[in-house]
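Please model the complete structure; the sequences and the hints are all you need to start from.
Those protein sequences? They're chains Z, W and G, same order as listed.
Residue 37 in my numbering sits at position 37 of the first sequence; the count goes up by one each step and never skips.
My numbering runs 107 ahead of the 1-based position in the second sequence.
My numbering runs 214 ahead of the 1-based position in the third sequence.
Because the hints were derived from the structure by calculation, they are not lab data.
The reader is advised that the hints may include incorrect statements.
20 Å max Cα-Cα, derived PhoX-like pairs, lysine-lysine [stated by the list, open to error]:
{"id": "1", "chain 1": "Z", "residue 1": "Lys33", "chain 2": "Z", "residue 2": "Lys11"}
{"id": "2", "chain 1": "Z", "residue 1": "Lys11", "chain 2": "G", "residue 2": "Lys225"}
{"id": "3", "chain 1": "G", "residue 1": "Lys225", "chain 2": "W", "residue 2": "Lys118"}
{"id": "4", "chain 1": "G", "residue 1": "Lys247", "chain 2": "G", "residue 2": "Lys225"}
{"id": "5", "chain 1": "Z", "residue 1": "Lys11", "chain 2": "W", "residue 2": "Lys118"}
{"id": "6", "chain 1": "W", "residue 1": "Lys118", "chain 2": "W", "residue 2": "Lys140"}
In this text the structure is predicted, and so the values were computed from the model without any measurement.
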Amino acid sequence: MTDELVTHHKKQLNITIERPVLNRMLDLLDELKVTGYTVIPSLGGSGSEGTWRRSGMVTDAGQMVVVVCVLDESRVAEVLGPVFRLVEKQIGIVTVSDVQVVRPERF
Amino acid sequence: MTDELVTHHKKQLNITIERPVLNRMLDLLDELKVTGYTVIPSLGGSGSEGTWRRSGMVTDAGQMVVVVCVLDESRVAEVLGPVFRLVEKQIGIVTVSDVQVVRPERF
Amino acid sequence: MTDELVTHHKKQLNITIERPVLNRMLDLLDELKVTGYTVIPSLGGSGSEGTWRRSGMVTDAGQMVVVVCVLDESRVAEVLGPVFRLVEKQIGIVTVSDVQVVRPERF
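And the structure:
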């Protein structure tokens, strides 16, 4: 038995958005058949719209959330377009990065 | 004095697992001598097993957690094998990505 | 209308630090004109200084936090220096990774 697992190249999208927009984003991801995502809370932050850390930090957690999803590279363009169009009307940022996964059929 | 720090290439493992499996995962990482990790909470998510966001979101945070660890590239194979074997019996996902760090001797 | 958005290469810094150092770090990022960051909580972790998961997990969340910021590559050296000098006196870790973003003018 070997521990040398084969890994497969995928793309990770990190979508940082305001909490009130989250359900709309998750509905959009469901429509786009993006089935693997995790929602991470935040304690505060700062963006081009100003700092929101002073008021929100610790006591009012979750003003912004980060939706992390892993996609096949072939799906990035079709997903990134609608996701970005929802984010650009709001405060938020979308990043795309490279990851390796073990089970390619899941994404 | 220069701010040009030398950075070193490492691998980051993100292990997304159910909260009840976390202690077993951390024990495994301890056994494998993976000494640098951080555990991030989540608010909800969706995977090949279905969506868990509706029930868990916000009020019951922490159903899934993300264990983030940074490893020397030479250790990825020996760590990824046992970690994946624990995750594959459960709901979860493991991703591997490239990062740079300043202090290489820590990992 | 096409969904093929142009993405631009940036660098992501993940700064994992103790909660009491967070305000000093955010002040430093403000001074350095790093305007886009998000602060992520943690539930626990382990580092070269030992494990802090047993005491801190779940009930005393937020002992460590992760400041995630996205920067233009041209700014990494000038930002990483001061950030690392603050972190190295404390428990903490800084990683640098590659990301793509849609709106380059924001960083």
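Right, here's what the structure says about each hint:
| no. | hint | verdict |
| --- | --- | --- |
| 1 | Z/Lys33 to Z/Lys11 | 15 Å, holds |
| 2 | Z/Lys11 to G/Lys225 | 16 Å, holds |
| 3 | G/Lys225 to W/Lys118 | 16 Å, holds |
| 4 | G/Lys247 to G/Lys225 | 15 Å, holds |
| 5 | Z/Lys11 to W/Lys118 | 16 Å, holds |
| 6 | W/Lys118 to W/Lys140 | 15 Å, holds |
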